[in-house]
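S.K.: Protein chains in written order, with my numbering: chain C, 1 to 740; chain D, 1001 to 1160; chain U, 2001 to 2290.
Accuracy of the hints is not assured; some may be wrong.
[Said to hold, decoys possible] In the DSS-like style, the derived pairs of lysine-lysine whose C-alpha atoms are separated by at most 30 Å in a straight line are:
| # | chain 1 | residue 1 | chain 2 | residue 2 |
| --- | --- | --- | --- | --- |
| 1 | U | 2260 | C | 732 |
| 2 | C | 246 | C | 217 |
| 3 | C | 303 | C | 347 |
| 4 | D | 1156 | C | 29 |
| 5 | C | 246 | C | 29 |
| 6 | C | 157 | C | 303 |
What the hints contain is simulated information worked out from the structure, not anything from laboratory work. Keep in mind it's a predicted model, so treat the numbers as computed, not measured.
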Amino acid sequence: MTVAADPPAYKWVGTRPIRHDGYEKVIGKARFAADLDLPGQLHAAYLRSPHGHARIVSIDTTTAAGMPGVKAVVTGADFPDLDPTDPNFDVSVNVMARGTVLYNGHALAAVAATTRAEAAAAAAAIQVEYELLPVVLTLDESTADGAPLVNEHNVTKFVESDGPSNLATVNVLERGDVDAAFATADLVVEREFDTAHVHQGYIEPHACVVDVGPNGKADVWASSQGHFMVRSLTAATLGWEPSRIKVTPAEIGGGFGGKTTIYLEPVAARLSEMSGRPVKLVMTREEVLRATGPAPASKSRVKIAASNDGELTAIECWFGYSVGCTNDFAGLIGAMSVASYKFPNLKLEAVGMLTNTPKTAAYRAPSAPQAAFAIESVIDELAQSLDMDPIGLRLRNAVEEGDPTAMGMPHPRIGFIECLEALRDSDHYRSPVPDGAARGVGTGFWFNIGEQSSATVNLNEDGTATVITGSPDIGGSRASMALMAAEELGIDVYRITPTVADTESVGFTDVTEGSRATFSTGMAVVNACRDLIEELRARAATILGVEQDAVTWVDGAAVADGQDPLPLSAIAARAKSTGGPLTVTASLNAAGAGPSFAVHCCDLTVDEETGQVAILRYTAVQDAGTAIHPSYVEGQLQGGTVQGIGWALNEEYVFDDDGSLENASFLDYRIPVASDLPMIDTIIVEVPNPAHPYGVRGVGETGIVPPLATIANAVARATSTRMTSLPMSPPKILAALDTP
Amino acid sequence: MSRTHVTCTVNGDPVDFLASDDTSLLNALRGELGLTGAKEGCGTGDCGACSVLIDGRLNCSCLVFAPEAEGSDIVTVEGIADDDHLHPLQQAFLEGAALQCGICTPGVLIAAKALLDANPDPTETEIRYALAGNLCRCTGYDKIIRSVQEAAVRLKGAAR
Amino acid sequence: MRYAAPTTVDEARSLLAEHPGSRVFAGATDLIPQIRAGRPAPPVLVDLKRIDQLMTVLHEDGQWRIGAATPTSNLTRNRDFTAMFPGLSEAVGLIGSDQIQNRSSLGGNLANASPAADSVPAMIANAVQAVIASGDGTRTVPVAEIATGPGQTSLADGEFIVEFTVADPPSNTSDAYLRMIPRTEMDIAIVGAAVRLTVDGDIVTDATVVLGAVAPTAVTVPEAGAALVGAAIDAGSIDGSAMDTLADAASAACDPIDDKRGTVAYRRQVAGVMARRAAAIAVGRAQNGV
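Please build the complete structure, drawing on both the sequences and the hints.
M.R.: Printed below as a string of structure tokens:
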């Protein structure tokens, strides 16, 4: 269902057409990166570190190079060394180790051969002499006095440092006087929390095919969240100019933030350059789990003060994230942004620490779920202590337009209160809690971003329009672009062909992150359509023999007084005689991304003899601004929610003492399966974002933020035991229940 | 590595190919036969993206050695539509927005077809357990389950 | 590596004799992941599924004969078998997804010798016998004697399981199998418990309790079975103190390990819970003739 105060009357925006790329995807014809094969193609395989931290004394590739089918071998020596202060240094080092392997699974050589089996056999035959170094796996080990150095090239960000340490970043925010507020508070709750590393868990392993031609130019086909990102990072890692590389986006089989960086493409490019043949490089599932993705493990302390009538007066938090072996994790901003409440006194510190674990990557609202788990758990405990309704306590303190964000600037128009009210008034929340079950509530926030996008609209001679963008379709964005274009141009949505073009066929477009595609790229599409309409009015004026000012655009036709409407198709058919092809391009660096709030509710049972949680009912409420295609907005809410449920209940990286991942498979890295879940009910709240022509906010990320605390809060009410450690797997819940 | 000449039926067509004895049926379908609808998400039978029907039964094609296919009748996602019409499951998935990225979709469709072929009127719980071997990370399964329910209704209507 | 698909037991024997180190397989649901994980590939892969005897399920003369390579879904779909051995049927119905169950077999589940194999406790509880092709002939041994440790069996080189035999249960006898997994599907058991029992009116007269995933092999717990024998059944429920004794005995019999799937303490505690719950289901079935 959708809740909107006064919805505008749109013809196409807000409808649910079948997505334009759907047909290929249900008949098995959609081309993902691993589906492409080129004539003469070689297959590549990696050698990865079996140690958590070691100096590479020597690598001998002689035997491997002489094995059957082998055409090329690369090691770190085949890539330029970037300066540690270069923004691409960390990606470059992660793509191929130089001198030191920083985690178990770190790539240190690769082989291209006629078959995948030959490449794998040769990679295994590469001889490496290691000098083992101490392995730092946890936040506590990393912060300990005298801790071994995780990465000798670390350059600490945001604070002065004298030489390398394990400290990656520090962010501090403070306002008011927390000490005074705690001293005079009616009620203070303080808790410590921890969460495990989790993986984005996309079903498609990373894959690419790269063909470097005799002219030195590289053709890359890759699955990613942004092919311009692939181009720039690949170029930086190879020491090339970006224009030497053309990247064609394959369909992407899930990313969730994990495909906003690269792993494979420079390796395949170098192997292709050396062999003179196209090279296909596809990760195994084990490689995906060992060497890509994870979101940071975390520890936190949260202390909140409240008055007896439910005013939250102060919050003091410390968040620690283990960001992996390199220092380019920007997501700590998420910990800064969790203040959804009007705390007059606030003190936050967020710290990133290096560990000898895989380089972390973005995962839906990076670093926010860990922080919200802690804060929303403490808020819930306050509600219990104050005997207040958990929604009521939140409504009493919720931020609205004009209130300061954690960073201090005022919130723009936001819909947090509307979301809380929508849940309060929902059938779910008004229904009694089922016998034997308990109900939990939690909230989440993500600020979303704008960034650069481009769009080209070509009006075809048959009156259809091709809408070309540079944002890969990671979950229905082609349909969103087509809907906005149809609304603007006034033609049927199926007369629009939304296309994602390669890096040489559309203007620069930033990677799809921060829930920005429908917002920013959508805005570029709208702008291009509006420019096209201006041109169409001019052409119509020529045809009709009137001034352009006398022509208005109504329902897909040019209208002038006293004349029959001139439909778009008629103008398109006369393009040649009225001035030539009708094509328009728009580009922008979007500002004004709208923050998105979510409120979740869950009913569940806990089997107190086994510790197993069963989720009976779940409702996700979120402010979408405007839902362009409501089905895919619901899908984002539902998908994010279920990832959050997995994070809460069973997903975790299990390392042995040397940092080897013990559960590098979908059998033992337990993402939710269909039978674990009920339907995920959604309520889309529409508080339009004034900065977008249709009011769009990003919707992709916020949905993963609330479930961790929502479930923990329900477990706390079911068992009178507050779980402060994720995942809440059956053994951990049972152990907690047995601890008096 | 030995290679075996395999003759079988794929999506109604007689085919033959030469397969390395250690290669999977999935690799043979994707490589030798160019049918890239079935995907490799794990290679160990844990995700179901490679699901196909072999002699009417649901299988992970990554867990089948290609030579085992000799004489069998295989159906992949490329083979479930009629010449002119999508299978009701495919149509329901499109209308119900049951796919986001689409990588799991071929396997889910095949598993759902196997279910409805055997049990035309499944409960929600039966659908959820029948699809438990097919991981989807985008949708949270909600729209997949609803679309299978919708397809079941349509198939029953068509059979009546 | 070469693939071979013999059509007779004797042909399979010859292949194994001629190519030492070769492996038989049925569903390959464990074999393929093991090879992917780096286990050395055998010289010949002997596919047993083209041998009719290994793919046949027969009920005759008060006994079931189950081909060792038969997909376990053939058992769960077999109404007569499931009516007689509901616990064994539900155990094989828990081996992975529908996809896996169309490939997995009793022979493979047993010979892979995972301590967590779901079918094995239920087979032991029902006194299932394995018929093994050995030398030129066959030998028949209780299922409990096959696995000797994780990945280890008492099968000699060249031996393979041909079929399983199990006698129809006596009247007023039934079984149940439960396992603990973190999700609802697709996991390896952290604890499994099979119970078979016989009732006479409102008294349990015989009981066997077998646990999986709590020791290097499946373990029969005589003390747990003994706790039930003679116990009163009141309105379908076994006497609570007998159930407590059963649970304590089950927990005490565990010799588990800490691993990525569960802790020692958890396995011990939940073994008692699973055994008690399985007994409660089995007694209902035995009394109601299900």
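S.K.: For each hint, tell me whether it holds in the structure or not.
M.R.: Against the structure, the hints come out as follows:
1. 2260/U - 732/C: Given pair residue 2260/U, residue 732/C holds - Cα atoms ~13 Å apart, limit 30 Å.
2. 246/C - 217/C: holds, 8 Å
3. 303/C - 347/C: holds, 10 Å
4. 1156/D - 29/C: holds, 28 Å
5. 246/C - 29/C: holds, 23 Å
6. 157/C - 303/C: This hinted pair holds, its Cα atoms lying about 26 Å apart.
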